[in-house]
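Colleague: Below are the chains, spelled out letter by letter.
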Amino acid sequence: MNGLPKLNFDTMTPAEFEQYLPELFASSQGGMVSQNPRLKKFLAANPDCAALVSDLETIAETARSLFQPDQEPSDALWSKIADKLQQEPGDAN
Amino acid sequence: MQTKPNSGLFKRNPPIAGEAEAIERAKNGDPDAFSKLYALHKRRVYTLCLRMLGNVSEAEDMTQEAFLHLFRKLGSFRGESAFSTWLHRLTVNLVLMHLRKKGLQLVSLEETINPSEEDAPKRDFGSRDPQLAGSVDRVTLERAVASLPPGYRMVFILHDVEGFEHNEIATMLECSTGNSKSQLHKARLKLRELLRQPEQLPVLESSREVTQ
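Listed in order, the protein sequences are those of chains A and B.
Quick note: the first sequence uses my numbering, first residue 445, plus one each step.
Quick note: the second sequence uses my numbering, first residue 54, plus one each step.
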């Protein structure tokens, strides 16, 4: 779906809008569809679509915070790895 | 429309103090240096495995595999991307290989990536969807991600959490870029649905929290 440049969002139905949403998210800077000036009028006229976009942006933004790890393996795991490494050719451990 | 200038993963993986030296020493067979690389990256590798697999035991096994693989392949690391980017790609490929061996033999992920109708997000134009209450907390999102069908979960983790681009995901999952975009969108829609009823989300398997 690469016809985004030619589309007139002002005359689009919500169903049509959702068809283009995956591509809109993929091509918007930072995934911020709500900041796209071409969509301003459409989103103002379609609060359900604006709410959907806002929610999906919130989910994507919160997902970025999951990048920082909050889990760690058991302490025994390094011993297991070190044991295996001793059997490796080249024996670096 | 603009596209992102660089891989998000590279931007999110700034060099770690002492890492470059440890890599060079480990390449020359210094066991302490490899142990340091493990200490620096074990959490990120393990968390990635745990999210992709949803199982503590399997996640530990794959973390072990990832570091053994790292030991064997370290000599081929040329520093063209951030070390953690390289290590994460290596880990993702190992986990995907493991998943294919486990249940996806002879069938590409492209064909099995689509969940059943029951699992697919429900969209009903004409009726008003209740909006999420402004923000989503990290723990609740983690539980919702764990509840996603595997195909959706994989694309969501790789793109929205790990920062891979759609073309990289398409290569890793052996699917088209369009399919990756579409699956990501469906994953986010499904998450929205799940996050509206957070009380129904399952409690995650007990895990050890990072303490530092």
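Read the hints as simulated data drawn from the structure, not as lab findings.
Source: prediction; values computed, not measured.
Cβ coordinates follow ideal geometry from the N, Cα and C atoms, glycine included.
Just to be clear, a hint being listed does not mean it is correct.
Said to hold, decoys possible - On the chain B side, residues computed to face chain A include the following (Cβ under 10 Å):
#1 Ser88
#2 Ala92
#3 Asn108
#4 Gln117
#5 Arg131
#6 Glu133
#7 Lys155
#8 Leu185
#9 Glu195
#10 Asp213
#11 Ser233
#12 Leu242
#13 Pro255
As the list claims (entries may be wrong) - List of simulated lysine to any residue pairs, SDA-like, C-alpha gap at most 25 Å:
#14 A/Lys528 x B/Lys154
#15 B/Lys95 x B/Glu221
#16 B/Lys95 x A/Pro491
#17 A/Lys524 x B/Leu143
#18 B/Lys80 x A/Pro491
#19 A/Lys524 x B/Gly231
#20 B/Lys155 x B/Lys89
#21 B/Lys95 x A/Asp514
#22 B/Lys154 x B/Lys89
#23 B/Lys80 x A/Thr502
#24 A/Lys524 x B/Asn81
#25 A/Lys450 x A/Pro491
#26 B/Lys80 x B/Phe130
#27 A/Lys450 x B/Asn220
#28 B/Lys126 x A/Asn452
#29 B/Lys95 x B/Arg125
#30 B/Lys95 x B/Glu113
#31 B/Lys89 x B/Pro68
#32 B/Lys80 x B/His122
#33 B/Lys89 x A/Asp514
#34 A/Lys450 x A/Tyr464
#35 A/Lys528 x B/Leu93
#36 A/Lys524 x B/Glu221
#37 B/Lys95 x A/Lys450
#38 B/Lys89 x B/Ile76
#39 B/Lys89 x A/Gln512
#40 B/Lys89 x A/Asp527
Colleague: None of the hints should be skipped; say for each whether it holds.
Modeller: Now for the hints, and whether the structure bears them out:
no.: 1; hint: Ser88; result: holds (7 Å)
no.: 2; hint: Ala92; result: holds (8 Å)
no.: 3; hint: Asn108; result: violated (12 Å)
no.: 4; hint: Gln117; result: holds (5 Å)
no.: 5; hint: Arg131; result: violated (19 Å)
no.: 6; hint: Glu133; result: violated (22 Å)
no.: 7; hint: Lys155; result: violated (20 Å)
no.: 8; hint: Leu185; result: holds (5 Å)
no.: 9; hint: Glu195; result: holds (6 Å)
no.: 10; hint: Asp213; result: holds (4 Å)
no.: 11; hint: Ser233; result: holds (9 Å)
no.: 12; hint: Leu242; result: holds (7 Å)
no.: 13; hint: Pro255; result: violated (17 Å)
no.: 14; hint: A/Lys528 x B/Lys154; result: holds (22 Å)
no.: 15; hint: B/Lys95 x B/Glu221; result: holds (23 Å)
no.: 16; hint: B/Lys95 x A/Pro491; result: violated (44 Å)
no.: 17; hint: A/Lys524 x B/Leu143; result: holds (20 Å)
no.: 18; hint: B/Lys80 x A/Pro491; result: violated (57 Å)
no.: 19; hint: A/Lys524 x B/Gly231; result: violated (41 Å)
no.: 20; hint: B/Lys155 x B/Lys89; result: violated (32 Å)
no.: 21; hint: B/Lys95 x A/Asp514; result: holds (11 Å)
no.: 22; hint: B/Lys154 x B/Lys89; result: violated (31 Å)
no.: 23; hint: B/Lys80 x A/Thr502; result: violated (42 Å)
no.: 24; hint: A/Lys524 x B/Asn81; result: holds (22 Å)
no.: 25; hint: A/Lys450 x A/Pro491; result: holds (23 Å)
no.: 26; hint: B/Lys80 x B/Phe130; result: holds (9 Å)
no.: 27; hint: A/Lys450 x B/Asn220; result: holds (24 Å)
no.: 28; hint: B/Lys126 x A/Asn452; result: violated (51 Å)
no.: 29; hint: B/Lys95 x B/Arg125; result: holds (17 Å)
no.: 30; hint: B/Lys95 x B/Glu113; result: holds (10 Å)
no.: 31; hint: B/Lys89 x B/Pro68; result: holds (14 Å)
no.: 32; hint: B/Lys80 x B/His122; result: holds (13 Å)
no.: 33; hint: B/Lys89 x A/Asp514; result: holds (19 Å)
no.: 34; hint: A/Lys450 x A/Tyr464; result: holds (12 Å)
no.: 35; hint: A/Lys528 x B/Leu93; result: holds (19 Å)
no.: 36; hint: A/Lys524 x B/Glu221; result: violated (32 Å)
no.: 37; hint: B/Lys95 x A/Lys450; result: violated (47 Å)
no.: 38; hint: B/Lys89 x B/Ile76; result: holds (9 Å)
no.: 39; hint: B/Lys89 x A/Gln512; result: holds (19 Å)
no.: 40; hint: B/Lys89 x A/Asp527; result: holds (16 Å)
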